[in-house]
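Enquirer: As a plain string of letters, each chain reads:
Number of protein chains: 2
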Amino acid sequence: MKIAMEALWEEVRELSLGNGTEIDHLNSPPTPLQFLRDYVSQNKPCLISSATLHWPALSSWSQDTYLTQSLSASPNVSVHLTPHGNADALVPFPNNTLCFASPHVQQLPFREALHLITTTENSDSNSNTQKTVAYLQQQNDCFHSEYSALSSDCDDHIPWATEALGSLPEAVNLWIGNHRSVTSFHKDHYENLYAVVSGEKHFLLLPPTDYHRMYIRNYPAARYSYSQESGEFTLELEKPARYVPWCSVNPYLSPENMEAEMSKFPLYFNGPKPFQCTVKPGQILYLPSMWFHHVRQSPDAGGRTIAINYWYDMQFDIKYAYFNFLKSIQYRSIHDPTLPETASKDTDTESDCDSIAYGFKDEFSANGSVENLAGGSTKEE
Amino acid sequence: MKIAMEALWEEVRELSLGNGTEIDHLNSPPTPLQFLRDYVSQNKPCLISSATLHWPALSSWSQDTYLTQSLSASPNVSVHLTPHGNADALVPFPNNTLCFASPHVQQLPFREALHLITTTENSDSNSNTQKTVAYLQQQNDCFHSEYSALSSDCDDHIPWATEALGSLPEAVNLWIGNHRSVTSFHKDHYENLYAVVSGEKHFLLLPPTDYHRMYIRNYPAARYSYSQESGEFTLELEKPARYVPWCSVNPYLSPENMEAEMSKFPLYFNGPKPFQCTVKPGQILYLPSMWFHHVRQSPDAGGRTIAINYWYDMQFDIKYAYFNFLKSIQYRSIHDPTLPETASKDTDTESDCDSIAYGFKDEFSANGSVENLAGGSTKEE
Numbered sequence: 001m002k003i004a005m006e007a008l009w010e011e012v013r014e015l016s017l018g019n020g021t022e023i024d025h026l027n028s029p030p031t032p033l034q035f036l037r038d039y040v041s042q043n044k045p046c047l048i049s050s051a052t053l054h055w056p057a058l059s060s061w062s063q064d065t066y067l068t069q070s071l072s073a074s075p076n077v078s079v080h081l082t083p084h085g086n087a088d089a090l091v092p093f094p095n096n097t098l099c100f101a102s103p104h105v106q107q108l109p110f111r112e113a114l115h116l117i118t119t120t121e122n123s124d125s126n127s128n129t130q131k132t133v134a135y136l137q138q139q140n141d142c143f144h145s146e147y148s149a150l151s152s153d154c155d156d157h158i159p160w161a162t163e164a165l166g167s168l169p170e171a172v173n174l175w176i177g178n179h180r181s182v183t184s185f186h187k188d189h190y191e192n193l194y195a196v197v198s199g200e201k202h203f204l205l206l207p208p209t210d211y212h213r214m215y216i217r218n219y220p221a222a223r224y225s226y227s228q229e230s231g232e233f234t235l236e237l238e239k240p241a242r243y244v245p246w247c248s249v250n251p252y253l254s255p256e257n258m259e260a261e262m263s264k265f266p267l268y269f270n271g272p273k274p275f276q277c278t279v280k281p282g283q284i285l286y287l288p289s290m291w292f293h294h295v296r297q298s299p300d301a302g303g304r305t306i307a308i309n310y311w312y313d314m315q316f317d318i319k320y321a322y323f324n325f326l327k328s329i330q331y332r333s334i335h336d337p338t339l340p341e342t343a344s345k346d347t348d349t350e351s352d353c354d355s356i357a358y359g360f361k362d363e364f365s366a367n368g369s370v371e372n373l374a375g376g377s378t379k380e381e
Numbered sequence: 001m002k003i004a005m006e007a008l009w010e011e012v013r014e015l016s017l018g019n020g021t022e023i024d025h026l027n028s029p030p031t032p033l034q035f036l037r038d039y040v041s042q043n044k045p046c047l048i049s050s051a052t053l054h055w056p057a058l059s060s061w062s063q064d065t066y067l068t069q070s071l072s073a074s075p076n077v078s079v080h081l082t083p084h085g086n087a088d089a090l091v092p093f094p095n096n097t098l099c100f101a102s103p104h105v106q107q108l109p110f111r112e113a114l115h116l117i118t119t120t121e122n123s124d125s126n127s128n129t130q131k132t133v134a135y136l137q138q139q140n141d142c143f144h145s146e147y148s149a150l151s152s153d154c155d156d157h158i159p160w161a162t163e164a165l166g167s168l169p170e171a172v173n174l175w176i177g178n179h180r181s182v183t184s185f186h187k188d189h190y191e192n193l194y195a196v197v198s199g200e201k202h203f204l205l206l207p208p209t210d211y212h213r214m215y216i217r218n219y220p221a222a223r224y225s226y227s228q229e230s231g232e233f234t235l236e237l238e239k240p241a242r243y244v245p246w247c248s249v250n251p252y253l254s255p256e257n258m259e260a261e262m263s264k265f266p267l268y269f270n271g272p273k274p275f276q277c278t279v280k281p282g283q284i285l286y287l288p289s290m291w292f293h294h295v296r297q298s299p300d301a302g303g304r305t306i307a308i309n310y311w312y313d314m315q316f317d318i319k320y321a322y323f324n325f326l327k328s329i330q331y332r333s334i335h336d337p338t339l340p341e342t343a344s345k346d347t348d349t350e351s352d353c354d355s356i357a358y359g360f361k362d363e364f365s366a367n368g369s370v371e372n373l374a375g376g377s378t379k380e381e
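Residue numbers (full-length UniProt numbering), protein chains in the order written: chain A, 1 to 381; chain B, 1 to 381.
Don't read these hints as lab results, they were simulated from the structure.
Heads up, some of the hints might be wrong.
Same chains, same label: a pair holds when it works inside one copy or across any pair of copies.
Unchecked claim - Under the rule of at most 25 Å between Cα atoms (straight-line distance), these lysine to any residue pairs were calculated in the SDA-like manner: (1) K327 / W9; (2) K273 / S28; (3) K280 / G302; (4) K273 / Q315; (5) K2 / L116; (6) K327 / Q315; (7) K273 / S74; (8) K327 / A4; (9) K2 / N19; (10) K327 / Q34.
Input sequences plus hints: build the corresponding full structure.
Expert: This is how it looks when you write it as structure tokens:
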């Protein structure tokens with residue numbers, strides 16, 4: 001099984017994706033047919049330049065005043081607060097085990113929320129002067145709700161993608177963060193068109209065939225609570241206990257934990273390198289359904305990274321059936337020290353490290369069983 | 001592994017193909033985008049009506065005289081001769097084992113070749129009055145070579161498929177046979193558009209996920225030789241010995257061998273039924289790459305079944321990588337009595353029960369190794 005699975009990781013690169021770390025780069029948007037034939041049908045990512053240069057947002061959103069004035073009459077927006085920027089991620093629990101931590105979500109006027117983001121940026125991230133990392137995001141079609149006052153600044157959908165995929169996006173989400181916010185490895189049940197408006201986003205990408213290299217294990221769910229008074233976070237396990245299957249791999253290692261992490265996750269660190277892609281203003285990343293992705297960001301001069309992503313329905317076709325078959329097979333190797341302890345936990349999970357939006361996927365049923373995706377927003381980008 | 005694989009067979013039907021035996025039926029040709037999105041990308045077959053009603057062939061080819069006059073100045077055509085109609089199929093060798101038998105291929109003037117086909121039809125197939133079954137076919141783009149005099153009677157390519165797939169067909173093949181010719185289960189590395197001009201073709205179809213249900217095993221290659229003098233066939237093993245991986249399952253059982261065959265191939269006979277499709281004049285079957293297919297035919301009033309198929313290059317993408325992964329996994333089950341004896345032989349085969357045309361695929365290399373597809377024409381339809 002070890003050899004078969006490693007051959008799969010290699011073959012998808014040999015045949016389709018390439019053996020390097022770069023993805024295809026198009027200088028202008030593809031036709032719907034090209035996009036469908038060369039990328040969606042093949043489940044293959046690409047970066048597209050000159051894709052959104054006509055959006056008013058590309059110039060007008062560079063000014064905080066434009067944004068705050070446009071949204072001054074809007075209802076509050078959802079801000080995700082964490083102490084270190086890693087919401088929806090694995091963090092150490094006081095007993096030294098890892099848990100899956102959700103952020104504290106607060107509703108604030110946009111002006112205050114934006115202030116939190118830009119002041120974090122201006123503070124020294126290693127000091128204690130700013131203990132709160134704020135990320136404006138809500139994967140619930142928020143661009144059409146909380147941010148509807150900005151809707152004329154961007155396209156409602158990506159025309160060539162809509163024509164190729166045969167329907168309008170299911171959700172359009174706005175993301176405003178700074179360099180301290182990181183989204184950990186996960187995957188989504190959507191075709192994702194990811195457009196950067198200001199700053200840069202840095203993606204690491206791995207195809208769904210690399211499932212076993214992500215070491216998806218069950219972690220106890222926890223949630224941050226932020227106290228305005230003390231300015232401190234507390235992290236509490238959910239009660240009743242809930243387990244979330246999540247990717248164990250953190251691709252960016254600090255010198256002090258590098259050796260330990262690399263020996264825990266050798267399939268990731270010793271296998272093919274992830275594809276890397278930086279998305280700049282005016283560009284769109286096509287991030288295919290079921291691909292594992294990790295996201296960091298660099299801010300613009302104003303200390304913000306702003307992006308919009310379009311989630312289109314994916315096809316649950318033979319590729320998805322093959323993926324589920326792959327998932328159901330255990331990779332057993334002397335190189336995989338984590339498997340013996342945790343394999344049994346994984347056997348019955350029906351979804352794993354998926355984004356959980358506002359119930360988009362609740363109606364999808366594989367083999368008659370509805371995937372258990374209830375339970376609040378989890379992740380994705 | 002047994003459970004995982006059976007879940008795959010079921011899930012691809014639940015999600016994408018449907019649980020019955022029917023495939024999608026379109027009343028008119030799809031747009032290129034629809035075809036690509038709903039069928040090619042999903043590796044899902046469909047039958048398309050009113051697809052070729054504008055072809056002059058649909059009326060003019062009903063007359064033998066039109067065909068013989070049009071081709072009277074053409075070079076000889078290739079006729080495949082067998083005693084029972086099963087060329088490129090498993091047949092019992094005198095020692096009571098099975099071999100993979102290729103037909104006797106003879107070059108004849110078209111008029112004589114057509115006469116062989118129509119007289120077979122008029123004879124009693126159960127008697128010995130006609131021992132030779134003739135099938136006009138050659139999977140080498142023969143419509144553009146041997147039959148080029150007929151080229152203005154049909155389209156050179158299928159416009160909506162060409163636009164969807166992004167290139168012209170690699171080969172266009174003509175098939176003229178009668179009810180005695182049967183093509184055994186196999187698969188092709190091509191997207192196949194199959195158009196019937198006269199008579200009917202009856203397909204059984206199984207998705208590539210059902211690989212293990214076909215019991216692909218290695219059989220010694222043999223070839224028929226036909227003696228004009230004696231009117232008899234001899235079947236001889238190739239020397240040096242060559243083994244051909246081929247599907248073991250014959251889906252149409254005679255009463256006397258039904259029980260034995262069903263117990264030898266339970267995964268096929270006890271699993272999901274194959275999809276069934278009859279293609280009539282004016283219709284096109286989209287037969288996706290890598291699907292297993294078995295073909296029978298019913299003749300028109302003149303005793304002939306005439307069809308043209310268009311082979312388009314397939315994409316060797318993530319689906320193909322998944323398929324090879326599936327292939328590399330052994331299905332071990334108490335229900336599979338054939339595996340223990342033959343599994344070792346299968347392990348190293350690089351291609352199996354594929355059509356072998358005139359070197360179309362020789363340049364394709366997976367993991368750096370060129371597939372061994374030399375060795376003469378084998379099958380397909």
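Enquirer: Each hint: holds or not?
Expert: Now for the hints, and whether the structure bears them out:
1. With identical chains, the CA atoms of K327 and W9 are at most 25 Å apart both within one copy (14 Å) and between copies (15 Å).
2. For the identical chains of this complex, K273 and S28 are neighbours neither inside a copy (27 Å) nor across copies (46 Å), given an alpha-carbon limit of 25 Å.
3. Within a single copy, K280 and G302 get their C-alpha atoms as close as 15 Å, which meets the 25 Å cut-off; across copies the closest is 67 Å, which misses it.
4. Taking the closest pair of Cα atoms, K273 and Q315 come within 25 Å of each other only across two copies (24 Å); inside a single copy the shortest separation is 27 Å, beyond that limit.
5. For the homomeric pair K2 and L116, neither the shortest alpha-carbon distance inside one copy (48 Å) nor that between copies (54 Å) is at most 25 Å.
6. Taking CA atoms no more than 25 Å apart as the test, K327 paired with Q315 passes in both settings, with 18 Å inside one copy and 24 Å between copies.
7. Taking CA atoms no more than 25 Å apart as the test, K273 paired with S74 passes in neither setting, with 44 Å inside one copy and 58 Å between copies.
8. With identical chains, the CA atoms of K327 and A4 are at most 25 Å apart both within one copy (14 Å) and between copies (9 Å).
9. In this assembly of identical chains, K2 and N19 lie within 25 Å of each other by CA distance solely inside one copy; the values are 20 Å within and 33 Å between copies.
10. Taking the shortest alpha-carbon separations for K327 and Q34, neither the intra-copy value of 30 Å nor the inter-copy value of 30 Å comes in at or below 25 Å.
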